[in-house]
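**Student:** Sequence:
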Amino acid sequence: MPGNPPIWMLMAYVCILCVFLLWGTRVADVRILTDKQICYSLAYLFVVVLVTALITGGLKFRVFGGGGWGGKRYLTVWAAIFGFFGLASRGVPIERAQKYVTLFFLGGITWAITSLYSIQSLRSIVYPLYYLFPVDPQATLTQEALVFRVHGIPFASLFVWYWMVTRFGLRRIFTEQVWWRIPLVLLVLVGTMSGGFRLYLFTFIGIFFLAFYLEGLHKTAAVTVALLGLLILGCTTYAIAPVLPKSFQRSLAWLPVPVAPDVKYTAEVTTYWRIEMWKDLLRDVPLYFWKGRGLVFDPTEFEFARTGVYKGPDAHYRAAYLAGDYHHGPLSVIIPFGVWGAVGFLWFTIASMRWLYRAWKLSPPELKTINSGILATYAIKMLVFYVFYGHFYQDFAFFTGLLGLSVSLNYHLIQGRT
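To convert, note that position 240 of the sequence shown is 247 in this note's numbering; the numbers rise steadily by one, no gaps.
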């Protein structure tokens, strides 16, 4: 299709259309089973994004020959909102909860397909898959100095980790005698580190510790075993870090372990240009405080920066700056949508965290592990978004999707309220 919209986006629009049709025709009893504050915050964000699009030049699509690029980003944000309401329109029976959790998270495995294209010998075999899973082949493998970084495999590995923590919980993963679970955790850890992304490893570790706490394992003898295991793993990592593949070393570069000088250099350069871009963006916040910049950008100026024609002092991050890829969650909200978007997203954050905490606290025994995993995953992802790295138009769908899953599973908390 023009613009290569992902399947989930199309399904989100189809889903909200079905919800409205069923609600309007009274064929089925359709109600949005969720907290009112979540509904209001999402409705507010929808209006903010719509008004911003209208006052900053409207929707412009590259595929239709528009004068700007980025119109698809607006559709992505709206699809994230519609997807939530679609998920929240139906409750999931407790006996089907594990099946729905599996379907939700393991769909992320398809991201691994984007890495297959980087293998020259497989290109002719896997190319037909891109009719179903449209990706940018140039984004599957990048090189910084001598550090090759694949994108799809670590992203898919994290989704497997989300699934394991939510479906089984740490208690069952490490105590039940199921032969494949611990090897799968190790395989997921290897896959997470294979891309050289430091925050992916941070996310993996953060979810482990928070899930450990939420499951109450810190009150048991498991804490001693965990500390001993972490000590052994840390010593082993410190010893073998210099001989690991450089993408793995780059994933470890934020930890106090020895890595190759060129790996350390590429990691420091990435951090440096991000901080420099953030300093410039902070100076732009007053400019876009009341009226946001929007998500559409000028393709001509972007191409000048991307191809090296632009030679200004900020040339090393100018292309990302122009494209709105700020690599920082709060900045990716307040600059495109002004203070109105920042207030809306903060409202959504508080309302969603309040709901997830309540679902975990009041969870029936059958859903306790699932709600612990969802809260741990959501909280760590939100922490990363606010502090380290994030793109609003990309990450918002994950937040609303995971929140919608929680609402559909815990509809009993607000049954009878709409």
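In case anyone wonders, no lab produced these hints; they're calculated from the structure.
Where hints are given, some of them may not hold.
With a straight-line Cα cutoff of 30 Å, these simulated DSSO-like cross-link-like pairs (lysine-lysine) come out [what the hints assert, rightly or not]:
| no. | residue 1 | residue 2 |
| --- | --- | --- |
| 1 | Lys388 | Lys375 |
| 2 | Lys298 | Lys43 |
| 3 | Lys106 | Lys271 |
| 4 | Lys43 | Lys388 |
| 5 | Lys271 | Lys286 |
| 6 | Lys286 | Lys106 |
| 7 | Lys368 | Lys298 |
Source: prediction; values computed, not measured.
**Student:** Against this structure, judge whether each hint is valid.
**Tutor:** Quick rundown of the hints versus the structure:
The hinted pair formed by Lys388 and Lys375 meets the criterion: a straight-line CA distance of about 20 Å does not exceed 30 Å. At most 30 Å may separate the alpha-carbon atoms for a hinted pair to count; Lys298 and Lys43 meet this at roughly 27 Å. Taking the CA atoms of Lys106 and Lys271, the gap is near 42 Å; set against the 30 Å cutoff, the hint is violated. For the proposed pair Lys43 and Lys388, the alpha carbon gap of about 23 Å is at most 30 Å, so the pair holds.
Between the alpha carbons of Lys271 and Lys286 the distance comes to roughly 23 Å, so the proposed pair stays at or under 30 Å and holds. Among the hinted pairs, Lys286 with Lys106 is inconsistent with the structure: their alpha-carbon atoms are about 46 Å apart, more than 30 Å. Of the supplied pair hints, the one linking Lys368 and Lys298 is violated, its CA atoms being roughly 40 Å apart against a limit of 30 Å.
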